[in-house]
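Visitor: Sequence order for the protein chains is A and B.
For any residue, its number in this note's numbering is found by taking its place in the first sequence, counting from 1, and adding 37.
For any residue, its number in this note's numbering is found by taking its place in the second sequence, counting from 1, and adding 611.
If you're looking for bench data, these hints aren't it; they were derived computationally from the structure.
There could be a bad hint or two in this list.
[Said to hold, decoys possible] Calculated cross-link-like contacts (lysine to aspartate or glutamate; reagent style DMTMM-like; alpha-carbon spacing at most 20 Å):
hint : chain 1 : residue 1 : chain 2 : residue 2
1    : B       : Lys711    : B       : Asp642
2    : B       : Lys679    : A       : Glu99
3    : B       : Lys652    : B       : Asp642
4    : B       : Lys679    : A       : Glu120
None of these values were measured; they are calculated from a predicted model.
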Amino acid sequence: MLNTILTGVLMMIVLSALLCCYRVFAGPTLPDRVAALDTLGMLLIGFIGILMIIQDTTAYTEIILVVGLLAFAGSAALAIFLERGDLFERD
Amino acid sequence: MSATEWLIAVLAVIGGLFSIVAAIGLIRLPDVYSRLHATGKSSVTAVVFLMGASFIYFAYSHGWAVWKLLLVIIFVALTTPVAALMIARSAYRTRVPLDKRTHHDDLESYYDSLAREAQRKQAAHSPQQGKSRADKRGTADAENRSGRTPQTNR
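Modelling step: build the complete structure from the supplied sequences, incorporating the hints.
Guide: Encoded structure:
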């Protein structure tokens, strides 16, 4: 019963990830795509969290931490790149 | 199913619903700023509920709490608003247009006055010196870096 409900939750997360992928490919401007990729990272964190319950293992906690870190670093780097044109000062 | 398993299931379903709300907001809303408004809050709430479900499950079935999951909640709740702010600021500074139905833009007059101020001071103080870098990097970029030149006092 719990496994059925959690599989349904996984399907909901996959559906929203597909909608985010639509925005990534069809987004009219570049910040749209960056925002959609950030949301995709958050959804991936939730997906792995539910997968941990289904497979009954705690081996993925480090993966969740690293994915969260990379989602934030990627969004920040892309935002800075869009704003300034380069990431590091080379004056 | 026991009561704790029902609690886990309810938390997970609420998290899934919030992720769907974030995706629908990302699809349906008209421009970047409102899309960031939808996703920046809903995705954090979804991650909080899903991680809470996972934490309760391992505390209940294995008898030991995985504190890294609460660490993930704290980390996500700290960093996602910062990322949304940086994306929105870069979008506004690179002049991504607002939706046509927007009828009030408080920052517009501020950025216009900044651009005019920087242009006037540049023209008054160094007519031939500051021209090459500003032309090379574009107008929006020249505004951003105008605090670094000694003449302006932002």
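Visitor: Check the structure against each numbered hint from earlier and tell me which ones fail, lowest number first.
Guide: 4
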